[in-house]
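J.: Sequence positions in the sequence shown follow the working numbering and run 4 to 166.
Simulated from the structure, these hints should not be mistaken for laboratory data. Possibly wrong hints are sitting among the right ones.
Derived lysine-lysine pairs resembling DSSO-like cross-links, with alpha carbons at most 27 angstroms apart [claimed, not checked]:
| # | residue 1 | residue 2 |
| --- | --- | --- |
| 1 | K8 | K77 |
| 2 | K149 | K81 |
| 3 | K77 | K149 |
| 4 | K10 | K149 |
| 5 | K77 | K153 |
| 6 | K77 | K124 |
| 7 | K10 | K153 |
| 8 | K81 | K153 |
| 9 | K10 | K81 |
| 10 | K8 | K124 |
| 11 | K8 | K149 |
Across the chosen pairs, the derived CB separations fall in these ranges [to be verified]:
| # | residue 1 | residue 2 | range |
| --- | --- | --- | --- |
| 12 | E33 | T7 | 35 to 41 angstroms |
| 13 | I52 | T86 | 18 to 24 angstroms |
| 14 | Q40 | N154 | 49 to 55 angstroms |
The structure presented is a predicted model; accordingly, all values stated were derived computationally and were not measured. Virtual Cβ for every residue (Gly too), placed ideally from N, Cα, C.
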Amino acid sequence: MLPTKWKIFRITNYLHITCVGAMVLMNAYEVYPNMPQGSVKVYLAILLIVVWWGSLISNGFVNIYLAERCYPDKQPGKRARITITVLSVLASILVLLLSANSIHLLYIYIDEWDVIVPRSKISLAIHFMAGFTGIYICWQQFILRKVIAKNYNNQLNNFLRDP
4 MLPTKWKIFR
14 ITNYLHITCV
24 GAMVLMNAYE
34 VYPNMPQGSV
44 KVYLAILLIV
54 VWWGSLISNG
64 FVNIYLAERC
74 YPDKQPGKRA
84 RITITVLSVL
94 ASILVLLLSA
104 NSIHLLYIYI
114 DEWDVIVPRS
124 KISLAIHFMA
134 GFTGIYICWQ
144 QFILRKVIAK
154 NYNNQLNNFL
164 RDP
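Produce the entire structure from the sequences given, and follow the hints as far as they go.
T.: Structure below.
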């Protein structure tokens, strides 16, 4: 049974995945039909966008996996730990950029709030939700990994000590 702290972490990951997925759909709806076709820059931009959003979504699923399967004391394999670490660092950088972008967008649109169409307001709200749930998730994912490693080492030491 997960403690309440990790249940909230898991729910926040689901919320973050949903917000990022909604942002992907909104970006695809708004940007893709108007993109010029055939340019290398366009394909690199699409690849960058897919890597950006894909890493945030996959980081959420990895966090859910760690909370449900590995907590409290099951250590994932060495390759999985390396992959999780790289993905966590990448996602943390992207979440900081996303949060900074959210604050920047609010700063740009705060003076024109009354004339902004409702779809843009919803988009901005989802952007904020994804940014700030991402900050919470980035903080807690490193704590979760430390707790799992500590509990695993304690369990291993207890096993080796007891005859």
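J.: Taking the hints in turn, state whether each one holds.
T.: Hint by hint, here is what the structure shows:
no.: 1; hint: K8 to K77; result: holds, 18 angstroms
no.: 2; hint: K149 to K81; result: holds, 15 angstroms
no.: 3; hint: K77 to K149; result: holds, 12 angstroms
no.: 4; hint: K10 to K149; result: holds, 17 angstroms
no.: 5; hint: K77 to K153; result: holds, 10 angstroms
no.: 6; hint: K77 to K124; result: violated, 43 angstroms
no.: 7; hint: K10 to K153; result: holds, 20 angstroms
no.: 8; hint: K81 to K153; result: holds, 16 angstroms
no.: 9; hint: K10 to K81; result: holds, 26 angstroms
no.: 10; hint: K8 to K124; result: violated, 31 angstroms
no.: 11; hint: K8 to K149; result: holds, 15 angstroms
no.: 12; hint: E33 to T7: 35 to 41 angstroms; result: holds, 38 angstroms
no.: 13; hint: I52 to T86: 18 to 24 angstroms; result: holds, 22 angstroms
no.: 14; hint: Q40 to N154: 49 to 55 angstroms; result: holds, 52 angstroms
Taken one by one, the earlier hints fail for this structure at numbers 6, 10, listed in ascending order.
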